[in-house]
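Student: Given the sequences, and given the hints that come with them, work out the whole structure.
Chains as they are written, first to last, in my numbering: chain A, 134 to 765; chain B, 134 to 765.
Since the hints were made in silico from the structure, they are not lab data.
In this text the structure is predicted, and so the values were computed from the model without any measurement.
Errors might be hidden in some of the hints.
Said to hold, decoys possible - To spell it out: a stretch of chain A is covered by chain B in this simulated footprint if at least three of its residues, at any positions, have a beta carbon under 8 Å from a beta carbon of chain B; those stretches are: (1) 293-304; (2) 436-449; (3) 476-482.
To be verified - As a list, the in silico PhoX-like pairs of lysine-lysine whose alpha-carbon atoms are at most 20 Å apart: (4) A:Lys567 / A:Lys177; (5) A:Lys656 / B:Lys263; (6) B:Lys567 / B:Lys364; (7) A:Lys656 / A:Lys364; (8) A:Lys263 / B:Lys656; (9) B:Lys177 / B:Lys567.
Said to hold, decoys possible - Covered by chain B, per the in silico footprint, the following chain A stretches (three or more residues, Cβ under 8 Å): (10) 252-264; (11) 279-290.
Glycine included, C-beta positions come from ideal geometry on N, C-alpha and C.
Protein chains: 2
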Amino acid sequence: MPTITFRPDNLAATAEDGEALTTVAARAGVPLRSDCGGQGACRKCAVTLQAGGLRDRAGAPLAPDPDGEVLACQAVVAGDATIAVPEESRAADLTPLAKTLGHVAERLAAHGVAEPLAMRRCLRIDPPAKGDSLADVDRIFDALRTADPHLRRLSADLPTLRALPTVLRQSGWNVCTTIVDGPDASGLANVSLACDIGRAMFGVAVDIGTSTVAVSLVRLDTGRVVAAAGKRNGQIRYGDDVISRIIWTEEHDGGLEMMRAAVVETLNEVIREACEAVGIPTSDVLALTVAANSTMMNFLLGIPSGPIRRDPHTPPASWLPLFTAGELGLDAWSRAPVMCLPTVSGFVGADITAGVLATGMAEAEGLTVLVDVGTNGEIVVGMEGMLVCASCSAGPAFEGVGIECGMHGAPGAIEGVAYDAAADQVAIEVIGRKPPQGICGTGFIDLLASLFQAGALDRGARFQRDFPTARLRVGEHDETEFVVAFAGEHGATRDLAVRQSDIENLVRSKAAVHAGISMLLGKLHLAPEMIEQLHLAGGFGSRLDVRRAVQIGLLPDLPPERVAYVGNTALAGAHLCLVSREARERVRALAAAMTYIELSVEPGFMEEYVASMFLPHTQTERFPSVVRAATG
Amino acid sequence: MPTITFRPDNLAATAEDGEALTTVAARAGVPLRSDCGGQGACRKCAVTLQAGGLRDRAGAPLAPDPDGEVLACQAVVAGDATIAVPEESRAADLTPLAKTLGHVAERLAAHGVAEPLAMRRCLRIDPPAKGDSLADVDRIFDALRTADPHLRRLSADLPTLRALPTVLRQSGWNVCTTIVDGPDASGLANVSLACDIGRAMFGVAVDIGTSTVAVSLVRLDTGRVVAAAGKRNGQIRYGDDVISRIIWTEEHDGGLEMMRAAVVETLNEVIREACEAVGIPTSDVLALTVAANSTMMNFLLGIPSGPIRRDPHTPPASWLPLFTAGELGLDAWSRAPVMCLPTVSGFVGADITAGVLATGMAEAEGLTVLVDVGTNGEIVVGMEGMLVCASCSAGPAFEGVGIECGMHGAPGAIEGVAYDAAADQVAIEVIGRKPPQGICGTGFIDLLASLFQAGALDRGARFQRDFPTARLRVGEHDETEFVVAFAGEHGATRDLAVRQSDIENLVRSKAAVHAGISMLLGKLHLAPEMIEQLHLAGGFGSRLDVRRAVQIGLLPDLPPERVAYVGNTALAGAHLCLVSREARERVRALAAAMTYIELSVEPGFMEEYVASMFLPHTQTERFPSVVRAATG
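Tutor: Here is the structure:
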């Protein structure tokens, strides 16, 4: 198979002759721009051929233009080649779901791509000499240990042992092995034989949210994401939130199995989508890591979750063993190990331990807070190595679920809104610069803040019917609604409007998150202004206007530089575990160190929640910057 | 279920109401005599009822006789009972295959029944209190660690995790777990849930010989053998020795799978036989350990063995991971772990490492030799911690294979022979005091020695046609034969005769063994008279007359007290591994410490072999005691 090497990164991928160069580049971890959709019109994917040759799609040799460049979108592979990719031809983040790539890169620099959960290693072994009675499998183990001194204890399973004597001799002692992590922390690694020498190795990091399933396809040798994909969780047809889904499984014969099948189906669709994007078969996925909230993790594994919804909300397991893709029905190499990240409690799951890992907050000095706004809101407070966590029932509004024009942070979602009351115009930013199809979490934050600031919403988050605008109207069910984009405006194909009930939904969410933060800090006798760093995580957009999030009272009133929107940290933590043994060991230690506090039984929680239902809060003195902006 | 306790041992077994008391006694590890076959005639099974009640087979309460005794063979269970078993009512060794029980008992005293390969532990767990978010599986792990502090790292598989939340709550937090060893030396143990609280736990130790498959059924709590069974290896239809079987698998499509199926079928038959003897279902077998020569081990696992028969005789694996009974198709609990003992080389297998473990020879001071006479002969020399081993092609003659009247050491086999030339009478001892059906290895040793001493065989092991006896005759194919028992004599149903070709077969075997011992000692510059202890192992009888074995030149001329017939040490070593973690770790260390010497390439081997084809040897000066006996 030809090998294509991309400079200056020195990332390489094997390819089929005739394969599109853009696909190979993505697989190598160097995604290219494709502003015109591969039509050869925009010239944004120009690269330089440094060695070897390329052909055009008709099969003719591809000649460089006068600048010495070729358009990658017009080129197909014709043998080995070396391609230089200028900075301006590179695609930015693959999708908003992979927003935290930069963050992961930083953490990877700390943890290193070392001992990924699985790896391929091809060996040329000396055949046994006369009088040498060393067993075949020990000969392979010795060769692997020589190549990788950290591979201390190795094991092989029955299919491998059965294949070994024949494969070794038929291949002329030239074999490819796959090495996967053994049982948790046993230090044991399992060796399998693979016959397809030279293939690259990939892993999939998974985040199963109640609303959205997201994956990153990662090259296990470089640690780089080569594709990302996300999709609405197919379990939504059985209920919007975890509690209603648990009840559904309990009230339907075979309900748990249907629930399991639904998420496996969604997950397999996104795995296939990511693999297709870079032209690899799903059998090249050699390892998976999964972050998910406790109930989603149980559903993936087919474990009953009834106890989670009943006091004391006991999860079945905090720790989980390594599974195989085959055992879980996942579309990957059937023996690929599947690491499910550890859980803290029934309502603080592996998505949060992954987030603590990915943000590095346990290593930070000073008070650090992680707020993950998903279908539930989870909060982790870290200070001087202490980690305390809690959960609040935020609901899925910020993920766009339960809101007519809501959607998750995918291309086509309005992620930024600015309402100019004087002109009665709404400026929007859409992910992927496409026509708007709906509004995602960050868009709603901007919208609430804009409307409140303009006076279209009062402090009780009620639309002011006398506010002078053509965008407020009475819609279905006699409900007041605000039109963000009329059909035709910004290319919208229909009116995108937010109703009074949608606003209430969003406010309940933000109130739950804010009350959770306040209660947890109060419980620890810490004041919000002591927070040195607040990580806001979640898959609800690709950018967050911190000032706006404070204006609506979602977050405490902190200077913007102390708040970072860190995207999907669950996915980022899973990604780290895929490529670093140190990360896998670290996340287990973090989960064990996290103390769970049950907020709902804390006195004063309901009062704080009700006070937080106002914009920004009943106690405006807690939001001096908002007061200053309004009066200033 | 009623529990029957046997005194003074304090061994107990649960039983069904109406179950035969003798079956329950066997299951508890207290086998009773049954000289009349359970007819109530011999009164050898008299026991005393100390508490509780028994019924007769018709269901009436069983009244003790005037001595206060009841006949166990007439009694069935009727609720809990305590039974005192006098020494004279106990059965001796279960079968000759379990001859080494005493030996194992001694080693067990050293290793202890500690951390068997699997164990059941029933738990009553405190349900979670309000605010306690400890996960279900961690609650079980904590309870197990409290009960067994050595259980450090625990794991649970997917079926267990799926069952856990429901079983825990439906059982009222009162569950039975099975704990099995995790992957080799990982220190990890896997926990499963079992619903059948109160059942005893059993394991099976297996020895797969080329000719015979033998098992011991062992109670995992007490370490005692409760039943034993053995059977001709069903693979014999594909060839008598390992080389011919390897060739057969190579020359037939699907041959390896047929070979595998044949031994699995035999093994499952003996497992079922042993379980039926003590009235347990095979699903109560929670763990298995397997000793076997390298080729038999490969065949059991379905691993191709071709390289073993070709220079340099490379085995596929010396170390083997834990398998499950289900994966290997064995008739036991499907998740029962199967430990295959480690192998040294293609011709020194797990049967020999098991033997080194069971005899404790590695810990002995002075020169110690283990000679295992099976279908191959293997020799291990130990001195001051050094272990050197070799193999010689003895052939299966001493196991009765390839000899018309030969059989393995099972009930009905003539195991002792004394020929009185003056009276022309042959006195015989038969295993199980039954009518003779054939002759086993120790019987052949006696026979050769007797005939040689009487002058019926010359030093070249040829029958002397002019020897005055009615027992020498010309049989089929004009071949001279000696009748050990005529039909009707000793209850024989047919003439049991040994032919000249049988004698030659046996002499080739003894020559190979003797030449092997001589060569290996010579290679190490050690003289036979330096041997302080020689362990003669093998399943060829239940008793060995050392003097006779020296007379025919099977063994070097050592004082009888330095030679011990230790029976089936492969089975004994497997038994130890079943019930002791220390033994499992020890046997792996022993295998790694053993150095294999390939005798066939040593100069002088063929000369030594040919010289050993005489009775006792061409160099009679090596056998001074034999010369003294002949001349004295």
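Student: Taking the hints in turn, state whether each one holds.
Tutor: How the hints compare with the structure:
no. : hint                : in the structure
1   : 293-304             : holds (count 6)
2   : 436-449             : holds (count 11)
3   : 476-482             : holds (count 4)
4   : A:Lys567 / A:Lys177 : holds, 18 Å
5   : A:Lys656 / B:Lys263 : holds, 19 Å
6   : B:Lys567 / B:Lys364 : holds, 18 Å
7   : A:Lys656 / A:Lys364 : violated, 37 Å
8   : A:Lys263 / B:Lys656 : holds, 19 Å
9   : B:Lys177 / B:Lys567 : holds, 18 Å
10  : 252-264             : holds (count 4)
11  : 279-290             : holds (count 4)
Checked against the numbered hints above, the structure violates only hint 7.
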